[in-house]
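Novice: Line by line, the protein sequences give chains A and B.
Using this note's numbering, the letters of the first sequence correspond one by one to residues 1 to 222.
Using this note's numbering, the letters of the second sequence correspond one by one to residues 1001 to 1418.
Simulated from the structure, these hints should not be mistaken for lab results.
Bear in mind that the values here come from a model prediction, so they are computed numbers and not experimental data.
Heads up, some of the hints might be wrong.
[As the list claims (entries may be wrong)] Per label pair, the in silico range of CB-to-CB distance: (1) A/ASP98 x B/LEU1374: 29 to 37 Å; (2) B/GLY1172 x A/HIS60: 33 to 41 Å; (3) B/MET1210 x A/ARG36: 21 to 29 Å; (4) B/LEU1292 x A/HIS124: 52 to 60 Å.
Using N, Cα and C, we set each Cβ at its ideal position, and we do this for glycine too.
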Amino acid sequence: MWRSILLKEWLKIRWFLAAALIVNLGFIIKIFVDIRSILSAEHAQMVWYQAVHLHTVFHHDMRYVPLLTGLTLAAAQFFPEILGRRMRIALHLPMARDGMMFFCLAFGLGVVGAIFLVDALFIHLTMRAYFPFEVAVSAVMTALPWFLAGVWGYLGAVAVLLETAWPRRVFFFLVFSVLIAMLYSGVGYGWLTPALPWLGALLLPAFLCVFESARRFQRGGA
Amino acid sequence: MLKTLSRLSFLVLAILAMSYILPLSFDKVFGKHNEDPLLFYSPVLHQFVYQESLGGHRFNYLDEEGRSYSRQEFEALLPFVYSRNLERRDLLPMVLEGRSFDAQSISEDRQGLEIRARHVRGQKPRIQLYPLFNNDPQVAMMRFPVEVFRFTPNAMEFIDADHNRLDPHLTGRFTEALKDKGFVFPAEVIGGRPTNLKPFDDGYFIGDSMGQVFHVKRVLNEPQIFRLPLDSPLDILDVVVTEHERREFHGVIITRQGEVFLIRWGDYGLIPLPVKDYDPRSMDLKLLIDPLYRTVTVSSRGAVTGVAMDAGYQVIRRYELPRREAASDLVRHSRDFLFPFQLTLESPHHGQAHVGLHVGGPWSLAGILLAFALFFLLSRRDPPFPANKGDLAVVALSGLLGLTAVAFMKGDFFPSAA
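So here's chain B without its partners, still in its complex pose (with noise of 0.2 Å):
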């Protein structure tokens, strides 16, 4: 019994070790890298146009019916993406839609945002302590604080970096500033950006147990916190502020069922935007704001859809781009061939190890096959090669990875050193 389990427990290691390194190598050295298309909306041509990779830093640049254009053509129907370009080739002020605009007033404009899948709460690790900046108006640097705080079931705890211990001061005035806005502990959610390299300081939007977000800042070693109206409450699954200079909003809610909200700056409304389809935890998101457009981008596994948007919000066009398979198809049904199934620790969509077991397409049975001629031509030799049930299921379930730990697990394979 335990020799079977012994001789079972290696094969089954080595299969994991091969199923892990052997793709990994074979990727590496053939290429599998897919970079994602750029997909933009021409202000010029009124329909979106792409950047796409060729590899080796070659590029084609497309537009929706399929025209392509060289890398200038394709920077003047984006003038507000290319603008210091088309400055230096003396190309801007430009006139569209009857308004004027140059390279000044097009950077005081515009505004990117990314919200990567690997970036998004619960995808990567994530210690909850937090800086929160103190805002004094008469202090133009922005300092670190000593205190860094953390949610605990029913306060939000300050603790002093100088002395590792709990700073009894700001946590009660904190908490009882939380409960008497009708914060109901425990915090679920905490979004804010723990830096000073950032034109201002905008606290942090933190939801609580109920659905509700509360944004709390620190004034003058002060609690300012406003509750945000919300119609009803929401499943957020994370919450990205911006800090951006044009203050049109304060950030972005993400709710689980993958809707996003931006909170607009004033009055703390929340404006939709018309994403569909949209799983925060595997695509990446973008969205570019120029002086007369809105669009966002989601990136897929299978496609990059976008929709172009008004000042307003309001859809005026949307374009799905299908992905082009970045390797050839002799080296993907090769791998397939080679690698029935892979076993992998890294994922695009998580900052952290993530393991995943990938089976092969179709070619795999073709592998499974080859292994299972090999099994019975090398059962033949002389010394043999002694074909038994569990080493058959092994070469079947595993193909030419299970052959190769099959073949070094062999008694009579290998003569002894000794």
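One chain only, chain A, in its complex shape (with noise of 0.2 Å):
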């Protein structure tokens, strides 16, 4: 039964999957011309310079997509669900709800954790490429919020498409936008790294925030 569920899950997202590999990969292709383009253009120092004193953060045009990636994977995974309330026939499985929920969602989010991986490894091996170590473990931490953004924005996105009633499905929506837009506050490297504890802690109620929504579609938004 789970490797069924297994498989439908993976016929849901893996052409969106790709998608999202090939954009992230893409942009952290970007990343890495483009520095290496403004290093073939400036001494070497003044670019150190403009990353360690200025506060230039060279995969800043990577910070939307992680959100991107998380929404994307959310809406492949659970909008099939709600069309013609499918996901109805999959909760009357001769399983429990919250056990398959949790499959549903640890399958997403490990899908969407292991995308996220692969890109702090990256930008870590770009930045290592060209700066000293502490530039490139600041440029990880700097991505960290933009990864957590991600999670959020797909666990976030799940709440949304589950909840049954308009008026909650916009608070839902309202209520994430804002926990999202506060891992974007801030300028320069490193700035949310001392709230990340505080911030990565509140992964735990937004994962299981889900499992209310998901009851409520069950019962037909009771």
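Now that you have both chains on their own, put them together as the hints suggest.
Specialist: Now the structure itself:
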């Protein structure tokens, strides 16, 4: 049964996953090419000065890509389920609703997390190729809130899609929008780093609140 | 169990999101901006005078006794601050305390320095890589060095930017020179100005793990290191280097205990600034030097305090100016009424995110009582808004914010779209 559900989830997202991977890797390559071109046009020490003391974030173009990835994969995974309330069929399979929901979310988060891990690795390697270790670490730390926004975007989109009452759906959308906007606060490198433990801790309630939406979806909105 | 947890999770997220965005929006609409008053010591009146913002580019110009001045009168009380304006009004040269001052002599002997809490070490993100400029008397231009340095637990490492790799020669030279001078690795504090937009380079002041301070410069690619003659080790929070043409002092040492010392030019002696109860992590400090006096002002949450000193840094006058609340009582009470607490990411004392939860004043209790009343009123409507202990606790803790979140999570409050 679990393998069948896994296959169903995979079939729903595979093309979207491929597209997300292409977009993510495309941006990584763009960042690599941009930095290489800046370094060939300017003295390396001046580029380092910009990165370290002027707080120029060279992978800034990447910042909304993880959010877009999370939203796309959530939509790919759950939008087909709410069309004609197809998910009700899955929810009547001989398995616990919460267990199945957990499995679907874990699958989606696993895929999203794997893409972000690849992003983080390539950002680090790109920066490490041209900058000292400290700058490469800082670049990844600066990108962490963006990845967190991608995960929150995924969970928020699932909660909004599964919600059945429009006023509540709008409220969910606003709440997640504010929380995600917080992750784009500040300028320069590492601005949000001191707040990351707090913002990361909110992932657990964000994950848990999806189950309430799923429960209401199964009950038809009650 | 999961149902309760899931519901509670959304309530928590909703309340946090509202407690972040709503007070922020409220402040944007009703304005809560509070500009620091500008406090100066007047060499004409021999007392403090200040400029206070009333908002909308309107200002009050007052002295310690509350006497009000026009803008032009205020400028005339501060000839060292507004010398250019006074020169255009043919009020210079001016004779003060038996000395005559024209615009040029004033500008040559004037210096300002500001140390904001948000720029102090630990209050903002800082990658610890610095360029060490090479001082070469034959070269007029200050060229940016190819190498940057960093401190490791046992070395001062130089990294070549062209090849992104360690420069073993410079690393060895500077590490050995530091050890020869008694430097105990690792470095705790590094103070310097990593820019070539300055009149000259004065290198870095580096605090070691024993509380000693070393002045490190690079002259003709060789290390030039001097250990400061401190009476006792200092618990240094930060060092700010000035590189000012007056060359009266190299910079400022700030300790974790809020002491402030100027590093005298020449003999590296420390000149203590007579500031009281200064917390460098939450207060801004300004030092204003003119041909006759030195004035240090410290802006805290409740007041701006000023200390005027003579040229020998002996105190001649102190003054404390309490801050005025920028927002009206109505605005402040309404804010407390609506939002019993506020979640913030930004702080005026930090150059990076700083998570804060600010609890409202007594008016918040009134807001919570109203939320309670509404809660019970709604519980009697049809369809009912069933009251349970958990929701009651949420409303008790978060007032109208909690009530809004609870209302949206009530099963029957909104009909299903299905």
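Novice: Now tell me, hint by hint, if it's right for this structure.
Specialist: Cross-check of the supplied hints:
The hinted range of 29 to 37 Å is satisfied by A/ASP98 and B/LEU1374, whose Cβ atoms lie roughly 33 Å apart. The hinted range of 33 to 41 Å is satisfied by B/GLY1172 and A/HIS60, whose Cβ atoms lie roughly 38 Å apart. Distance hint check: the CB atoms of B/MET1210 and A/ARG36 are about 44 Å apart, inconsistent with the given range 21 to 29 Å. In this structure the supplied range 52 to 60 Å holds for B/LEU1292 paired with A/HIS124, their Cβ-Cβ distance being about 56 Å.
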